[in-house]
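Undergrad: Grab the two chains, each in its own frame, and use the hints to assemble them into the complex.
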Amino acid sequence: MSLAVVDYGAGNLPNVVRALTHIGAPLTVTSDPSVVAAATAIVLPGVGATRDTMESLIARGLAPVIRDAIGRGVPFLGICVGMQVLLDDSLEFGQHACLGVIAGTVRRFPDSDLKVPQIGWNEVYTTPETAEHPIFTGIPNGSDFYFVHSYFCDVLDRATIAGTTQYGQPFPSVLMRDTLVAAQFHPEKSGALGLRFLRNFVTHIAQIECEPTHV
Amino acid sequence: MLKRRIIPCLDVKAGRVVKGVSFLDHRDAGDPVVLAAFYNDSGADELVFYDITASSDDRNIMVDVVERTAAQVFIPLTVGGGIRTVDDMYRMLRAGADKISINTAAVLNPQLITDGAQRYGSQCMVLSIDARRTSAAGAPPTWEVFTHTGANARSTGLDAVAWAVRGAELGAGELVINSMDADGTYAGYDIELLHAITSRVTIPVIASGGAGILEHLYDGYMDGGADAVLAASIFHFGDFTIAAAKKYLRTRGVPMR
Numbered sequence: 059m060s061l062a063v064v065d066y067g068a069g070n071l072p073n074v075v076r077a078l079t080h081i082g083a084p085l086t087v088t089s090d091p092s093v094v095a096a097a098t099a100i101v102l103p104g105v106g107a108t109r110d111t112m113e114s115l116i117a118r119g120l121a122p123v124i125r126d127a128i129g130r131g132v133p134f135l136g137i138c139v140g141m142q143v144l145l146d147d148s149l150e151f152g153q154h155a156c157l158g159v160i161a162g163t164v165r166r167f168p169d170s171d172l173k174v175p176q177i178g179w180n181e182v183y184t185t186p187e188t189a190e191h192p193i194f195t196g197i198p199n200g201s202d203f204y205f206v207h208s209y210f211c212d213v214l215d216r217a218t219i220a221g222t223t224q225y226g227q228p229f230p231s232v233l234m235r236d237t238l239v240a241a242q243f244h245p246e247k248s249g250a251l252g253l254r255f256l257r258n259f260v261t262h263i264a265q266i267e268c269e270p271t272h273v
Numbered sequence: 010m011l012k013r014r015i016i017p018c019l020d021v022k023a024g025r026v027v028k029g030v031s032f033l034d035h036r037d038a039g040d041p042v043v044l045a046a047f048y049n050d051s052g053a054d055e056l057v058f059y060d061i062t063a064s065s066d067d068r069n070i071m072v073d074v075v076e077r078t079a080a081q082v083f084i085p086l087t088v089g090g091g092i093r094t095v096d097d098m099y100r101m102l103r104a105g106a107d108k109i110s111i112n113t114a115a116v117l118n119p120q121l122i123t124d125g126a127q128r129y130g131s132q133c134m135v136l137s138i139d140a141r142r143t144s145a146a147g148a149p150p151t152w153e154v155f156t157h158t159g160a161n162a163r164s165t166g167l168d169a170v171a172w173a174v175r176g177a178e179l180g181a182g183e184l185v186i187n188s189m190d191a192d193g194t195y196a197g198y199d200i201e202l203l204h205a206i207t208s209r210v211t212i213p214v215i216a217s218g219g220a221g222i223l224e225h226l227y228d229g230y231m232d233g234g235a236d237a238v239l240a241a242s243i244f245h246f247g248d249f250t251i252a253a254a255k256k257y258l259r260t261r262g263v264p265m266r
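As given, the protein sequences belong to chains A and B, one line each in that order. For what it's worth, the numbering used here labels the leading residue of the first sequence as 59, then goes sequentially. For what it's worth, the numbering used here labels the leading residue of the second sequence as 10, then goes sequentially.
In short, the hints are calculated from the structure, not lab data. Remember, predicted model here, so these are calculated numbers, not experimental data. You may find that some hints are simply not true.
[Stated by the list, open to error] For each label pair, taking beta carbons as the anchor points, the in silico distance ranges come out as:
1. A/GLU187 - B/THR260: 34 to 40 Å
2. B/ARG209 - A/VAL93: 45 to 51 Å
3. A/GLU113 - B/THR194: 47 to 53 Å
4. B/PRO264 - A/GLY152: 40 to 46 Å
5. B/ALA46 - A/PRO84: 20 to 26 Å
6. A/PRO192 - B/ARG261: 37 to 43 Å
[Claimed, not checked] Under 8 Å between C-beta atoms, here's a sample of chain B residues computed to sit facing chain A:
7. PRO85
8. TYR129
9. SER208
10. THR211
Built from N, CA and C at the ideal position, the CB exists for glycine as well.
Extracted from the complex, chain B is given alone in its bound form (with noise of 0.2 Å):
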């Protein structure tokens, strides 16, 4: 039977791993190295790496810390952030990367997503998206596309379930669906936005986005129809383990690996 996925998400800024708390306040959590080689051991199914910086100094860094990390590291890694262009995603893939996320360039240039489909594969291709809910309490809920994560987020007007049924057209071969509202609250994933892009598509959705307890990555996958769920400070400061949450997963009848 085919597992669900815990991803640990790697903020990575001038080579160092940090996290955002609803993607401001950074803290260090330490070299991005080290830290996917103990996320391998301890039994991570993947690794994102996700390059909030945006200098082409820091980019350079970036594509160091990937090359050594695929030197010693076996699953598959992911890596996003300020990637633009099919050259770009090359650098990525060429220095070990397995798939490549894109965000605020794929609202600028849907056609990104079919070029990088085209060139090195749907399976390459991971669109994120940065969701805010945008409808009145007891409305139908909606939710809007913004670009630029973090303080700049900027509104695109773009509604988030017809973005990722969009991405998914053009060549996406998976997607990351991140709540703005629910980062950094510990309060679990907005399953609404989940649910809502899981029934409409049909690649994979990764949910991204609120985790604070163990229970938040089993109501992602059951409730929200997520395969993977994405998941940071959880893992990053030490409360859970990869390996405690694989096990009460399991307990609830998640398949995990």
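The following block holds chain A by itself, in its conformation from the complex (with noise of 0.2 Å):
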């Protein structure tokens, strides 16, 4: 079983494979196209900007590769721009295709007085649909993770979002269908609730068994 950790450039992608090898969790770290198309798991980890990311997922090779294998079911988990890059397309740095496998649009927090990026600990809600699916075991509802973004994913299908927060609007902090997971916090950068929502993902959803840790 093995669980790939995708190597774009992604500057928080030493921090996301601390946490997991925090956890126990068995993975690989890799920018062949080949490794993750026969990945049992993927993450892609992300932090930055959409129209990098996926100019940069495009060179490697890797954005078709991670399209099909979300089609095939392969089990995912989006972190933060890893989450952004899944929708049709985005308005940062002017408009641009991403992945397309969740219907809507990345789009800047509209002015107002609040900050962005907004940077900091938020809560994140569950829906009456998700509050009891096993990606936020052991995590009380509208516990706060740690967000460091100014787009936000505008999605059209509101049955993927599985977790909302609230920065003068309500946006989608969470987003799931079937065994794809995305987070637009940081759950390597959120403490042990942190830890807990990476270890759902890697043992409830990927099914992969993390070895006993020192935790």
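TA: Right under this line is the structure:
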């Protein structure tokens, strides 16, 4: 069983790997499309801009492989920009196409008296349908996670919204469809509950056993 | 609701945590990795390591400290002190830092803020400003930026508010505003300075220098407009715990994690 963490130059890759290692998840860090294609589960980290991320995924031949794997039902976790690129397109630095896995557009928070980017800890609320989902096992509803972002996922298919956060307006902070999970926050930087979220993905969604750790 | 943050700052010298009183007279407060884990467990929202040494040997020690911390503490970690190039930033980010704080190097070369933001994203770039009040008593307040934090602080002629605004324009994602007048006094943050800056920029501002009692943290948020407070001595020496600070702030209506 192999969890592939996709290395396309994302700044938070080392810390995502550290967090997964800490919870004892067996993993492979790879930029090789054939390794990603063969993986039994995929983690796509991300920080920065969707445009750079898409360009990098396309240049390395990873975009079609990731799209195909999700289509085949391979368990997938997208983090921050790794969530945003799942949508049809993004308006960051000019409109551009993204992976088109989930219908919707990545938009900037509208101008208001709130600071953009949103930086810090904010509450994630489940929906009635997702409250009992294994991804939230051990995570009280309304728990705080660490966010850093200026853009959010404006999804068209509301059924994919598994978690919502309020920043001037409600926005989707967790998306889910079958074995696809995506988080706008950084679980690798959200303390014990962030680690729990990662462990829930690895053990319940990817169904890969974590090694016992010293935690 | 987005929470206000409490960020313990660990001044690190040759791999050990110290805290300057007005940046001087260092007292040893322990092992940075142990303290980082302790603060993580006690509810710190982020951590800052500030490397107050400049020699390359000590810089290697700092990389090791960051690596060991990032392997066991999973909240945001900012590293500052002595970072002069994007390659210096890369070493610290690779070691596990989430953000890089720059101060003197940004004054000497403002392009460094933009270069870092373009390469690693604005969310990585924290501009730290040491400011000292220069206006006469009774005159409209003004503050000047100083570089080379510590005993050898140097005047720059830059207006602190103007520099904060420019730093945001250049690509900084957050600002740390440190009052050199208030630092080490335990008499509270320079609220006028904070307010002058938070009313002019749209990026998060972190208050630094002068916190002595919990009410000072409240004042930093509510009167200064700060999104976060940086604090060292108030927590390092056990005067207050972070949990007690958060409880106090919550009862006064400040949103806390």
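Undergrad: Each hint: holds or not?
TA: Consistency of the hints with the structure:
1. A/GLU187 - B/THR260: 34 to 40 Å: The hint (34 to 40 Å, Cβ to Cβ) holds, given that A/GLU187 and B/THR260 are roughly 35 Å apart.
2. B/ARG209 - A/VAL93: 45 to 51 Å: holds, 49 Å
3. A/GLU113 - B/THR194: 47 to 53 Å: holds, 50 Å
4. B/PRO264 - A/GLY152: 40 to 46 Å: Violated, at about 35 Å.
5. B/ALA46 - A/PRO84: 20 to 26 Å: Given a distance of about 25 Å, which is inside 20 to 26 Å, the answer is holds.
6. A/PRO192 - B/ARG261: 37 to 43 Å: For B/ARG261 against A/PRO192, whose Cβ atoms are near 38 Å apart, the range 37 to 43 Å holds.
7. PRO85: At 5 Å from the nearest chain A Cβ, B/PRO85 passes the 8 Å test, so the hint holds.
8. TYR129: Check passed: Cβ of B/TYR129 comes within 6 Å of chain A, closer than 8 Å.
9. SER208: Status violated, d = 11 Å.
10. THR211: holds, 6 Å
The structure is inconsistent with the numbered hints 4 and 9, although it conforms to all the rest.
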